[in-house]
Each structure stands twice: as structure tokens, then as C-alpha cells.
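Chains as they are written, first to last, in UniProt numbering: chain Z, 1 to 324; chain L, 1 to 324; chain R, 1 to 324; chain W, 1 to 324; chain A, 1 to 324; chain Y, 1 to 324.
These aren't lab readings, by the way, just hints derived from the structure by calculation. Just to be clear, a hint being listed does not mean it is correct.
Remember, identical chains collapse to one label, so a pair may be satisfied in a single copy or spanning two.
[Claimed, not checked] In silico SDA-like cross-links for lysine to any residue, where the CA-CA straight-line distance does not exceed 20 Å:
1) K120 <-> D80
2) K32 <-> G9
3) K32 <-> R10
Here is how the chains run, residue by residue.
Protein chains: 6
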Amino acid sequence: MARHSYETGRLNLPFVGIATFGKRPYVEDWSKIDADIAILGAPFDFGTQFRSGARFGPRSVREASTLFSFGHAGAYDHEDDAVYLGGDVRIVDIGDADIVHTDTETSHANIEAGVRAILKAGALPVVIGGDHSINIPCIRAFDETCAKDGPIHIVQIDAHLDFVDVRHGVRHGHGNPMRRAAEKDFVSGITALGIRNVSSTTQDGYEAARAMGDDILSVRQVRRLGTEGVLSRLPKGARIYVTIDIDGFDPSIAPGTGTPSHGGFLYYEVLEILQGIAREHDVVGIDLVEVAPDYDPAGSTPILAAQVLLNFLGFIFHERAKRA
Amino acid sequence: MARHSYETGRLNLPFVGIATFGKRPYVEDWSKIDADIAILGAPFDFGTQFRSGARFGPRSVREASTLFSFGHAGAYDHEDDAVYLGGDVRIVDIGDADIVHTDTETSHANIEAGVRAILKAGALPVVIGGDHSINIPCIRAFDETCAKDGPIHIVQIDAHLDFVDVRHGVRHGHGNPMRRAAEKDFVSGITALGIRNVSSTTQDGYEAARAMGDDILSVRQVRRLGTEGVLSRLPKGARIYVTIDIDGFDPSIAPGTGTPSHGGFLYYEVLEILQGIAREHDVVGIDLVEVAPDYDPAGSTPILAAQVLLNFLGFIFHERAKRA
Amino acid sequence: MARHSYETGRLNLPFVGIATFGKRPYVEDWSKIDADIAILGAPFDFGTQFRSGARFGPRSVREASTLFSFGHAGAYDHEDDAVYLGGDVRIVDIGDADIVHTDTETSHANIEAGVRAILKAGALPVVIGGDHSINIPCIRAFDETCAKDGPIHIVQIDAHLDFVDVRHGVRHGHGNPMRRAAEKDFVSGITALGIRNVSSTTQDGYEAARAMGDDILSVRQVRRLGTEGVLSRLPKGARIYVTIDIDGFDPSIAPGTGTPSHGGFLYYEVLEILQGIAREHDVVGIDLVEVAPDYDPAGSTPILAAQVLLNFLGFIFHERAKRA
Amino acid sequence: MARHSYETGRLNLPFVGIATFGKRPYVEDWSKIDADIAILGAPFDFGTQFRSGARFGPRSVREASTLFSFGHAGAYDHEDDAVYLGGDVRIVDIGDADIVHTDTETSHANIEAGVRAILKAGALPVVIGGDHSINIPCIRAFDETCAKDGPIHIVQIDAHLDFVDVRHGVRHGHGNPMRRAAEKDFVSGITALGIRNVSSTTQDGYEAARAMGDDILSVRQVRRLGTEGVLSRLPKGARIYVTIDIDGFDPSIAPGTGTPSHGGFLYYEVLEILQGIAREHDVVGIDLVEVAPDYDPAGSTPILAAQVLLNFLGFIFHERAKRA
Amino acid sequence: MARHSYETGRLNLPFVGIATFGKRPYVEDWSKIDADIAILGAPFDFGTQFRSGARFGPRSVREASTLFSFGHAGAYDHEDDAVYLGGDVRIVDIGDADIVHTDTETSHANIEAGVRAILKAGALPVVIGGDHSINIPCIRAFDETCAKDGPIHIVQIDAHLDFVDVRHGVRHGHGNPMRRAAEKDFVSGITALGIRNVSSTTQDGYEAARAMGDDILSVRQVRRLGTEGVLSRLPKGARIYVTIDIDGFDPSIAPGTGTPSHGGFLYYEVLEILQGIAREHDVVGIDLVEVAPDYDPAGSTPILAAQVLLNFLGFIFHERAKRA
Amino acid sequence: MARHSYETGRLNLPFVGIATFGKRPYVEDWSKIDADIAILGAPFDFGTQFRSGARFGPRSVREASTLFSFGHAGAYDHEDDAVYLGGDVRIVDIGDADIVHTDTETSHANIEAGVRAILKAGALPVVIGGDHSINIPCIRAFDETCAKDGPIHIVQIDAHLDFVDVRHGVRHGHGNPMRRAAEKDFVSGITALGIRNVSSTTQDGYEAARAMGDDILSVRQVRRLGTEGVLSRLPKGARIYVTIDIDGFDPSIAPGTGTPSHGGFLYYEVLEILQGIAREHDVVGIDLVEVAPDYDPAGSTPILAAQVLLNFLGFIFHERAKRA
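Construct all of the structure, not just a fragment, from the sequences and the given hints.
Structure, rendered in C-alpha cells:
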């Protein structure tokens, strides 16, 4: 079998063509998802507390993902001597959840419906935000599968703890998602990586988080533990949901976000943790949030998001293939 | 009396100092407003249907307003041979209404409270958005004064009609304000200037608008009528509230906005209408909305907003002084 | 019949969803085009003589076009009291021609193949560049239909004459397309509007152009003639192909282009000529070129391109419907 | 004689090569200027009262000028049916005056020395700022030639009057140059075009200006007078020095400047006045100031500056040739 | 006691409200400073040798500081398990020193007056530049308190040595401050951290610096020494003045500056040194300079400046409280 | 001898003067190169597969190089206690190779001619791209000198392997240069540093590369080996040609490039390898490619390029002087 099909088809350079995620097929009818991975955009940003603009996260990550779509039959990584996301991994892009301006609850409900549709189809949901509040409906959608398959453990890459309970009546802003998740009985715990400096969560919030099963590690603490040390803190065999707030990364590589915080993770630090999770756990859901592309004229931030997602998906399905 | 005080005080160049509107005093306690004009920021942008970012409108217009704050005793305009906004016009900046992320109703209520406080103090309210939905609480706040002093007529400078009734449950987005205003019994009518090209308002909406007393004129229609022709369509002696959506202006001078529409007004076209309104009517309230500064690295948009507001305020109080 | 379908479907705000042109269906298989209008991207920019970047023109115009995609059943224009591009006009987006880096001839051939496919399907081809050299394969593709239906007359909106014959061996750069077109026996003439200031065409080139049937008018000459005066110079009943170089517009509204030239057209000047052409002629093909979005952080240029195209298409099919 | 030399030399596209003004020769030794026109950069910006950055004006205008440097033997203008700046007009770029940070007086003295060197060589000095204060040393340098050839009349294109006498000790900032010029006995008068809105000049300043021979016209006044009306106000036969503050133009085409003011001139308005001056007067010196390129990512402002300068120089030497 | 007051007051999100430093009170009258910390802006940038724009440093750092102003009762840091800058630390913003364009000496004198006023009030002066030359008046202002309390030792975070004596007459540019400081008898020494690559200081300058008590360490040397190694080189018990040139940091996190130099410090490297200084020394003054925000559209640089300052102030007053 | 000439000449601040490389003399006539180092621009970017814009690489690196041109007699580096590039090292800038739009082969031939001219003059060629395809003509130009002096070994700093043979007919795009080099009999081998993540080279390409003598190391592999470990893999005594693709560096410091890839080299990692190469090898040619400045408004990328080149050149000639 030919390892690629350049000579029989189009050259299809990255800058050419409609920008779906990875230039994969677009499936408009959510009752007809037939894939291993389904990408859903969640362009909601009314939950932000500083700069808005994450509504353009999905489009920007889709466009950036085309930079990594050179090959027709997977991407060869010489460090791992592996071809990732070859023709055997079926990815589809199901477009965006319908967002209703001024209406947080309806918008969230539409996101939840999208994730439910993906789960029902047996595909891995990958949701691109939007602000971090979109994690709330994503997690809600897991109630049924968890009832069947057992609880999920959340790995959060983030600068901020996002563990505010209710403040001025706000329960579903981008400062609340981890609290909302911790309240679910099908969430067994949270490992929060990269948490640093001030945020909207107060000292009370940290105390509550720890009491509710949140293992909080700063960037420097993660560095001291090393990749393996971090992985060893995850519950063995747990089914993992990964939520990546792009501001968990350092502003040097992720400036296009609403609430940047210096002192964040560099690329390989996160990549190697994700590769370890893929190796040791079943990853059941992913969201990546808070890419606000218009604050980053160079486009580094959506490129980072796309590069992390495509590599992580490659790791997950490479391991699945090995296990199969 | 000295016409300025450069020699006795600070030089106070535009780039120097805290950026309140026009570098005027900041009044934190809304029960202590003692001024002719009070500036209120309304940094709300969950009502936008395309690009967000109008939440930074108030800060950007304040900073831009410092460019026009050279003088200590008013600004001399050689075309009019007049000194505007001299020491006799007391302007204060009362800061921003408190905005609650994800919560449109509470945020709007806080804006309404600010406008009520200004009206109670007998000052002219000037509200800087935020998206155009913030006009809704601004108008609501006029119920009491209108009960006393009679209804208001709204002059809207805008690319879009903003006359959507309810859609997907949304009543308070940036496509709805003029419908909400027209529903008030203390709003006697609307004159909409600059309306052009497609928008969220459908044909139904235009028909409803006309039926509810909206006089709709495009940019080209305004040009054909001329300033005096436009002014003659306003009800004689009406108390006027002016709402300026910065996208009423052309994208060439107002690119920093959420939903730009080509073919808009140029500077003098609006300025001369505003000067005519100031001359012939009592102006009782102003809002200026939809400045999204981060889409305009050159800063032309907030500078336009500040220049229009400062000139308009100058005209209003110059005419008031002549009448007095 | 409902005039729109907001209540039965998605709200589908402009910032939501995959960015095809006007959010219309994507047709990947060029042998299956069944539509009135087919959009083709031609992301080729090796023909530019100053700033490159027009390769991102198609993606940027697609994304900008979503701003004008509020309605589900056409767009109401209150100035014309008409609904444009209603459900009866079928538009599809057929993606981009395959571009081969370093290889101008193959890239042009792929563009030509796309236009031929559209013409074969009986749809109106609308090609979004890329630099102006992509007009060369577009025109080439008309040989067969012209053999059948008669020649075409080209209306060119542009700052530059683009009438260089061959220079340093270059025949297919962005300075050559009108010369290449004039050489075709199925091109009956050219009307060049907006030509001004220096460009790569020398005095010889102007003389050759006039000798080969090019009617050259500057912006100021167009203004003196007026819309009707310009329209009257077009051959009566001619089948018209319109090529719009975005730099025909003024840099104030089209800064995102490779070779800006001050003193260009404003929005309504071009719009009204296009509306007149739609009224009086059969429009058989359109290209819009030289949008280089990364030079315009505000996005005014792709928004202009989308607004012009959508209005022009609306005019064409509105007139077609009236004639039918 | 060949009208151009494309086939015998380099193609030399605009983006290729060292960026001197118009890609003309660089003359480092100011005692060896042998040319009709000499370009001098004056990258001084300590005189600005709002945004700095005009120090990069000279480099940015040089780079932009390459866009208009297609031809080897002058530029053909089809509107005028004329070839401008052909091989018979010798232009050199003598680089920049040496600027000493923190030291206004020494920097100004170095600019003055450059202009004196150009005048001594019998060339037309064209100085690119830098902020408008650099006009002060430019004018100073004319004392000797004026003693010989008679006084100069200054035509100022500007948003601001720049007629502040002394304030807080400042005599040589960008708000002072016209006052300093008016004090010279070899300056017979000033015609100030485009003056509008507030600036650092107070009412006193306007009165003083008029008393000292300054004919002040706003943009709207210029429009009412028309080009010929404006030209008729210039003293017949006067030797003219033209100082162009780029902020005299509208922010829509000149956003990259320190103190933008809406309501400015459009391109042809200034171009036609300059063409009229070239036709009717001897132009003895030019400066163009306040281009702050980093505020204009699209580059429209330096392109405008280069386009205006190259056209104006073309007009001047075309008329000189006709007179000769 | 409640740890915060969210429920009783405003939510006061970061993007809401007038941008004073940390949203702390503005004190206009410098004779009425009653605080532990007073922030002074010094928007002076005529001393720069490459890109200007540091005049907008103070406003940009103030605006960025609001991102870290979530809490009403201090900021909880989970790594240190400490609440920093709680209600017991009184911070005021006293606005900007008056800057006079073209006049370095007067501008510097006004900065000096501001620092003297702060010192007289017994508060810690924190001066936000402006270019590094503003350190000169800051240091001058310490003569009296040093006469009383003993000399100061300066810790300089910087890419450049800034030890030029006099060149072309310039004594007070941004290349001179450390030389000027070293000349004071109340400055006991300098520790310069981060110095790298070429700068305006010549080999002579380095020799003079060492001779005058300057301990010069590059980024790599600091890394080899480690935080404790660096701290051990500071004179025990010395009263410390810290001057932070933002270009001491790496351009990856501080691109918005006038003279960037690759190979700079990362965030924690500086933070941990500052935390060590706070622990072991009495910090008597701080300046942070060379933030030129308009070169950083993402805003990372002012965010870094605000984050460093707020953390450093937190450390200082946390240690003071422990000692008390 | 004076170590600098500040007092006898101009101050010549970085922002002053014509932007040749390092402000060194411009030599237009390529038959008259008399220097140790000659800089050639190669503004060709038709070979790029994602974002174009590298055509402005040469101008941007030249302008950035002026930031490091403070001194008149070399630059003192305190870490090495050495003065680099003193008056004894003669650098000239020979401008750009002539680029012909749409024509890859002619453009490459012109680049080759430039490098041949430099080699013929006995100077070290330093070519600034342009995209990486320009390495192809650079290497071709070495055939004659290699025939005389022996083969060259290439050290490639890059994110991508660039080892595509022929695809869709493309042999000279930016994905092909290392394959083209490896085919030459005068290229003895390649050491590729920084290669990571997906690119246009497929698994086949990696296998071919290794078979043809390419030693491929990722960023993480280089880090594990350390500088000395990497240097030890280079063939002892080999004459080295260094090709630096700026995307070998991390996007945090080199965002302005066409195909950014996260996880790249930091500054000192590359600098120390280059310093080691200079110490241990004869460096016979350098190119630095893929700087696309318009994607980096902060200018960090061209500054990095200039800083790396100037330091590397300093190291090379410092070592040459020691050997001599």
C-alpha cells in the first residue's frame, strides 16, 4: 500500500481549501456521525472576565490545523518513529454548536447536545472553545456514558483553578467549571496542572477544591515532579477527560487568550504529560478552550492549539491500535 | 480672566495622566454627582452577533479623549470662532456600571441604575458602550423624567436597524434595542440615519419599525436630503436622545467595531447633523456604542468616538449658554 | 410562506459554523455542481510584484462573508425594497483550485479546470483570488462557451492597467492579465475603471491597450462621467465578465492588498456601476482578486470583498428573475 | 531612444533592493551633492505631544517609495499623458541628519546643516520627518538663499495650526513651527490648509497667527473654495515652501501618525493643490512630517507620503522643464 | 471576618472601571499621600536610542494591572499559601509626573519631585516609566532619606549596562542611568543582572562600571549561580533599590520594548530573585521601565510588568508584616 | 588607538540612516566586492507551502541589524570579554538578487550568480532569504570552490527536514533544499538540528535522508546531547556551510515565519552550537531564511535573525584572527 497519495490526487498545500479541522470531512447532520473522533466548535465567550474573543477560537484552530495537514496518509514523527493519524483513524468535523447571544443557558445546552450526539455515535468528542465555561455542558453530557462505563477523572491544564462556586449569581462563567464538574457524582476527581498566581478563585475556593478531590499543582511543582511524577498521581486505570485551557501554557507561546498569566507551561512539558496519559489511560473526552486569536497577530496560539490537539489525538489512537 | 492656565499649572500633555474621560474628575459615589455632564461606561458585549470586544470601548474612548485635552479652559474652534467646553461646563466621569459575566439582565440593570443616578443629579447622561444592547437600559432609565418632562424622540446613527423583536428568545441583544425603545410610551418616535445593507433585521422588522414610528434613512438618502433636510424631519421642539452606533460611520474611519458595514457616514456628515440637533433641540441623553478597539491597531475608532462626543457636548452646552 | 426560518432551525449567528462562502454548501466533486452560482478559490500569489499574501484571500473572504449571512431566506435591502439571494438562488462553494508552489503554469491550469467545470455545469463562476494573474486562466476557460454564445466584454475595476506584454520572460504575472485577455479572439473589448498613478505598465503599454480596444478611465474620469455615463460606454447588450481588483478601491477601505494606490473608488461608486451592469447586461463571470488579509488587522478589506460580491450577485439574480 | 530599460538591466521589482528613496543613489558625503532633488531624513520625535514614533518616518517612507519604483525611465501618468521623473531628473538620497537623544537643539542643528548642504548644492531639499518641529531647522536654513533670492511663502497642509509661541519653556516642539517661521523676516506669509478641531494652539494663537500673516483655512473652507479658489489666495509669483503634516490628511488614509484628527483631506484634494502650486510657483523646499509607521500595520500612511511626494516632485520638474 | 467582599459590593471584573494601578485610589494632591505604596507614572521617552513609545508605559501597565484585580481582600497564592496585598496594605496611584516635550531636564525634575513627595509621605515609591533615563531623577530624589537612613544598593534587571558617561553631550539618556547612579555618594553599589550582547556601553564603560562597584552578571551567569548564589552577592543588610528594565526579560515575554535583546530572563528567574530580596532586605524604591506597549498587540509585556510589580509588592509587604 | 570614534563622527543612533546590513557600505557592482563578508538578500518566497511574506526578510533583517550598530569599532561582549567585528572585519552589503515574479528558475539563477560573485571575491557569503528554497542556488554556487578546496558539510538549523525529492513536479520549493544539497557530490553530509513534528517530508523522505548521510536530531535530542555532544557528531575539520531556517527557533522568539512549529530552539542553544562551529571549523557560507516580518508586529523575529548573524559572524572572525 502506498504510504501517501500525493501523486494520485491533489497536492493540497496547507493554505488551500476549506478550513475544517485537519481538512477532514464536515458532517452537518449530527445523527449521522460515523467516526473515531468528532470535532465540535463551541464559540461561546460571554463567560470571560477580561478580554473576550474566544468565540473565534474554533475557526482559528481549524485554520491553523491545516498547517499540519500536509500528508494524505498520516504524519510521520521521527522522534517516535511512528506515523500518527493514518487513514485508519476517521476524524470528522461536525461544525459548531448553535450559540445564542445574551443567553448562556441555551448556548450551553446546544453544546451539551453536540457532545451527547458524539458520545452516542461512539466517537471521541473533541470540543474547541470558546471560553472555559463550555467545559460545563461538555461534562454534563457524560452522565449517561458514565452511568454505563464508570466515572471520569478530569485532567485540567490551566493557569487558573476555575473553582468559584457562585458569585453575584454566576454559576456558569469561565471561573466556575471545575467546581461544577466536582459536584457531579460521575466525576471521580480532578488533577489541576499549571495553576499559578492570582485568579478569580479565592483562598476559600482552593480549600473547597482540595476538599472535593482536586489535586492542585503549579507549573513549578509539575517541573519538580517531572512527567512521570505527575502521571503517578493520576488514579490508575482511570478514564480520563482532558480539559486544556490554553492559558495553562506560557504567554510566550499562547499570547492570544483572554486572561494570560506569565510563568506557564512550555510545549514539551504538556505534550509529554498528554503522551503519558494516552499511554496509560483511556481518554474519553477533550476540550481545548480560551484561544482568542485576534490578540495574536502572529497566529502562534491557534497553531499551538492545533499542534497539541493533533499530536494528542495521534498518541491516543496510536496507543489504542497497539492495545487492539 | 486668563483664557488658559498653562503657565500656572501643569502642561499636562495628552499622553500624561490617568485616563478618565477628557481627564475630568472621577466621581465614584453615584449619589454625589454634581455636574452638567456625567460620563458612564457600560462595558457589556454579550449582545454582539459577530466580533466581540466592545467591553473595552469605555477605556479606549477615555484614553482617546485625552488627545483632545490640551487646553485648560476649553477648546477653541476656528471654524465656529467659539470656545467649547470651557471652565463653565462641569463634566465628571462616574466610571463603569458593574458588569456580571454571563448575566445580561443584571448587567443591564446596573447600567440602568447608573443612568438613573445621573438623571436624578440633573446632569446629561453620556453612556459609552459596550454593544448596542446597552441602549436598552439607558432608555428604560428615562421613564421617570419623561413622565415629568414629556417624551423623548430618538435619533439613531447606525448601519443596522436593530429592530428585531424576539428571536430564539433573545430580546436584549444588540439587534433589539430600537424595538425595545419603540415599545415605550415615553418614546415618541425614532429617526434612524445611516441604515444600509443586510443586517439581522428582516423585511418584517422594517415594516414593523415603520409602523411603530421609525423614520428610516440610508446614508445615500441622508446625502440627498442634506443636513437641513434631515433636521426638518425631526419633530419640532422634540426632546432628543441620541444613540450613536459607531458602525453608522464608514469602516474607513471606524474599523474597530463588531459588525462593520461599508458605505457609512463620513465625519462631517454626522457632525453637522449633531450640531443642528444641538441648535434646534434639547438633547437629554447620549450613548455611543460598539467601539471594539482591539480590531483597530491605529486607534482611529476610539479617536473618532472621542472627537464626536467632545464636539457634540461642546455644541450642546454652547447652545444652552446662548439660550440662557 | 415564512420569509425566514429562524424559529424552526438554528440561530446560526455569523461567528458560528464552518466558513464556506455565505455558509453555503461545499461541493467537493466538481463533476456534481448543481447550482446557479459556484464559488471557486484561487489562492495563488506568486505573480505579485510587491507584498504577497493574496493566497489567504479566499479563506478571508469566506470568513467575512459569514457576517452577511444572518438570514435564512435572503437579505432585505430597504433602499431597493428587495430581498436578495433568497432561497431560489442556489449558491455552492466548490473549494479551492489546487496550487503547486513554485509552479505558475500548473497552478493556473488547475484554476482553469475549476472554471471550466463551473461553466460546464451552467453555473455562474465567481473566482476569489489570489493575485490578479488568476484572471488569466479564468478567461482562458471561456473559449468554449464563447464559441457557442458569442464573445465577452471585460469590465475591470482596478488601480493598475495590468497590460504588460512580456517582461523578463514573464507573461503570467499580476501585471499581465488584461494583455492576455485582449489577445483572445473571444474577448471583444475591455473597459478599465479606476486606473491611476504609476504601475508596472509603461506608456507603451497604454498605447497598446488603447489600440487593442481598452477603454481606460481613471477614478476622477469615472466621477466626472457618473454611473450612467460609464454604463453608456459599455457595448450595448454585451455579455460581461467583471474582474475586480480590490486595489481599485481606495486604501481607506481596502488596505489589505499587495500594491495599494491612493485615490481609489469608494464603495457606492463601484456598487452602483455593478448594479447598472446587472440591470443592463448578462454577467457571465466574476473574479475578485488581490485581497491580502494579513495586511489588514481590522478585516475591512475581506469584508468589503464579501459585501461587494454578495450585493453584486444579489443584483444579477434579482434582474434575472425579473427578466424570466 | 528606449523609453525604459527593462530588457537590458534588472527587473528590480519594488520589493527587491536597498530601500533608499525611490531606490535612487545614496550620497553619504554632503559636500558632494550633485542632483536636482536631495532627500534628507530627519528622524526626530521628541517634539510630539501624543504618540511618538515619527522617528521611523524616513525609513518607512523610503521603503514605501519602492512601490512606485517600477520603471527605469520615469512614470507614465495616463490622466496627464505625461512621463514624470524621467532620467533627466536627478534625485539623490543623502540619508538622515544625525539625531542626539534627549537633545533637541543639537538634533535640530544637524537637520539644519543638511538642508544648508542641499541648498548650497543648488538642489531642491525634500526633508522627511520626524515630527513637525523639524520644520524649524528646515526654515532656518533658508536665510542665506532668501537673502539672495527673496523671501519664501509657506504653504502648510496640516490639521493643527502649530502656532504656539512658548509654553512651559517649549519653543521648538511640534506645536511651535509655524510661529517660529512667521517670526523670520524672510518668510513673507503662511497659508495654512486643513486646520480643524482642537489642538495645542489656543484662541490667542489663532489671533496672533492671523496678525502675523497666516491665512487659515479649514478642510471645509478649502472644499468650498475649490482648488482654484485656494490657489488664488497665494501671493502671485511667490517662491513657495511646502510643509506637509501627514495629519492634514484624513485618518482614513493616514492613520499612522501621532495626533490624528478626523475630517481631514482626501488624496486628490491635496494632490490638485500641489499640482497647481507646481504650475504657478517656484517650489524651493518641501518637508513631509509626522508619519509614525508603527501605528499603521497596513502601511497606508507611508505609501500615501511616498505617493504624494513622488507626484509632487514629478509635477515640479515637469513644469520646470516646460518653462525651460 | 469575611475574606472578601464580593457579595456586599460590586463584582468589579478586571475589564470594568477606571484604570488606576490595581484599581487603587487616585491621589491627585501630592501633599496628601497617605499610603504604604505610591505609584507614580513617568511617561518620558526622549531618551531612547531605537524605538520610542515608552511614554505609554504607565497607562498600559495600569490597564494590565486590572487583570490581577479580581479580589477585594488580597490575592491568594497557593504556592506560597499566602494572601498578598490584603486590605492592610494601602496602595495609592498618584498619577504621572508632568512631562514637557523637547525638554529632558524639566521632565526629569518633575519626576524627581514626585518621588520626593512619596518619600516625604513615608510611602514606598514605585515609578513606572518611561525609558530607563527616568531612573536618574528617581535616584536623585533619595539624597535626603539616604542622608538620614544610609546609602542604597541598586539591583538592576536589564539587558544593557546603561553605563555610558557622556557621549555627544548626552548625560541623561537611557544609556546613562547606572553611571549617574554610581556617581552618587549615597549609592553604595550596583548589582546588574541580565546584561548581555552588544549595547551602547563600550568596553571602556564596562571597565569603568566594575571600577565603580558594579557587579555585572549575564543571564547565563545568573543561571549558573542560581537564585541563592545571586542573592549571596548582595551586601548583607543593604537597603535595596530595584530598577527593572523590562528588556532584562526575554523578548518572548517582553516584546513590547524599545531595544529588545534575545536571551533574556524568564519569569520565575526574576520573580524568585525579587522574592529573595524582599525576604532578606529592606526594599526602599522600585522603578520599572521601557514598556512600549504599542509594539506588543497581544499585551504580554504590560501584563508581565503588572504581574511582576504586584507580586514583588506582595512579597515586600508580606515580609514586612512578618517582621513587624 | 581610540576604541571607538563617537566623539569625532556622528552619534549615528540605531534608528538613524539608510538600512543596509549593520549600516555597512552598499556595493552595487558585484564585480567590485572587496571585503571579508558580503551580505546578499534573496527576497524569493514562491516556494512556501503556508504563509508567504519571506520576500521582506532581507529588508527586515537589515533594519533590525541597525539595533546592534551602536558602536564604531566593534561590539564588546562582556561574557566573552571580546570585541567582535571591529574595524578589521570588512563587511559589505551587495543588495538583493534580482527576483522575477512567477519564475522560480530565473530567480534562483540570479541568487546563484550573487553567491558566485561573493565567492569569487574571496568573501564569506551570507545570504538572507527568502524562503528555504533559496538555499538551492546558494549550494549550487559552491561547485567551483569545492572542486578546489574540498567538499562542504551542511549544518541545518530547522524545524523541518526539507528532504522532499519531487512532488507534483516540484523540485525547487522550500521543502526540497536538503535533498537537492545531498545530491551534490561536493556536499559530504548534512547535520540537521531541531527537526520536529510533522512536515511535508514523509517517512520515505526521512529514510532517504538517512541513507544519503543526513544526521537528524530533534530539539529534545539536541538538548540531551548538549552543545559538545552535538559538535562531536560533526566530521572533524570539515568545512561547514550553515543554513538557518528561522523556524528552527521556537515560535516564542520567531513568530514571524511561514510555517511555525512549537517546541523549537531557544536563543543560547543555537548560539552556543554556532560558537562551537566557529571555533572548530572553517565556516564557508551562511544562509538565514524564512523570516516573514509582517507576521510579527513586535519585530522579534528579524531582531533574532540579526542578533544571531552578527554574533555568529563575530565568532567566526574572532576565531580566524586567533588562528592567523
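Structure-based check of all given hints:
no. : hint         : result
1   : K120 <-> D80 : neither (33 Å within a copy, 44 Å between copies)
2   : K32 <-> G9   : between (27 Å within a copy, 18 Å between copies)
3   : K32 <-> R10  : between (27 Å within a copy, 18 Å between copies)
Hint compliance for this structure: hint 1 alone is broken.
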